[in-house]
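Numbering (my numbering), first residue to last: 2 to 156.
Derived by calculation from the structure, the hints in this document are not laboratory data.
Cβ coordinates follow ideal geometry from the N, Cα and C atoms, glycine included.
Please note: incorrect hints may appear among the correct ones.
[Stated by the list, open to error] Ranges of calculated distance between the beta carbons of each label pair, as one might list FRET restraints:
#1 L78 / R38: 31 to 41 Å
#2 M85 / V109: 18 to 28 Å
#3 P142 / S114: 44 to 54 Å
#4 N93 / Q143: 33 to 43 Å
#5 S77 / S39: 28 to 38 Å
#6 R116 / T72: 37 to 47 Å
#7 R41 / A102: 17 to 27 Å
#8 S77 / A106: 15 to 25 Å
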Amino acid sequence: MNKINCFTIERIPVATDTEDLQSVLVLTLSSISSLFRSMRRYFAELIGTFTLVFVGAGAILSDEISGGEVTHVGVSLAFGLAVMAMIYSIGNVSGAHINPAVTLAFSVAGRISRREVFPYVVAQLLGALLASGLIKVLFWPQLAEAPAGSDLVHL
Numbered sequence: 002m003n004k005i006n007c008f009t010i011e012r013i014p015v016a017t018d019t020e021d022l023q024s025v026l027v028l029t030l031s032s033i034s035s036l037f038r039s040m041r042r043y044f045a046e047l048i049g050t051f052t053l054v055f056v057g058a059g060a061i062l063s064d065e066i067s068g069g070e071v072t073h074v075g076v077s078l079a080f081g082l083a084v085m086a087m088i089y090s091i092g093n094v095s096g097a098h099i100n101p102a103v104t105l106a107f108s109v110a111g112r113i114s115r116r117e118v119f120p121y122v123v124a125q126l127l128g129a130l131l132a133s134g135l136i137k138v139l140f141w142p143q144l145a146e147a148p149a150g151s152d153l154v155h156l
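Modelling step: build the complete structure from the supplied sequences, incorporating the hints.
Here it is as structure tokens:
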């Protein structure tokens, strides 16, 4: 019987009714952690874009629902502080593009390779979709009550 090594993929024999032994691949800790290491930048971009959209769009919607109590200054501060927080938290991991337009600009300027553009953009779009979906879930009662033609954004 083979030993399980926690740092590589090993084959472990498994007995079955019809066959004596059969090999099965087992993903181990190292293969999973190497997958996470390779996806780290893209996950950071997903988190950064999620935060920007959730905080910014949430501030806009909160301002509209509250009748303007958040104000334009509050919405601007929400966006600005969200960007600042993401630059400090994920900037060293992914560059904190947080926006597909920034990613494309970095690619044109030669600051990131062209092969990284697609995964960055996919992660950013996924983060934005998840954030807008969560906003829709959280604000559903207010959005459902809004009369037709109101200023509330219908998601």
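Now for the hints, and whether the structure bears them out:
1. L78 / R38: 31 to 41 Å: holds (35 Å)
2. M85 / V109: 18 to 28 Å: Holds, since M85 and V109 (Cβ atoms, about 25 Å apart) stay within the stated range.
3. P142 / S114: 44 to 54 Å: With Cβ atoms ~45 Å apart, the hint holds.
4. N93 / Q143: 33 to 43 Å: This hint holds: roughly 38 Å between Cβ atoms.
5. S77 / S39: 28 to 38 Å: Taking Cβ atoms as reference, S77 and S39 lie about 37 Å apart, which means the hint holds.
6. R116 / T72: 37 to 47 Å: holds (43 Å)
7. R41 / A102: 17 to 27 Å: holds (22 Å)
8. S77 / A106: 15 to 25 Å: Cβ of S77 to Cβ of A106: about 23 Å, so the range 15 to 25 Å holds.
Consistency with the previously given hints is maintained throughout, with no hint failing.
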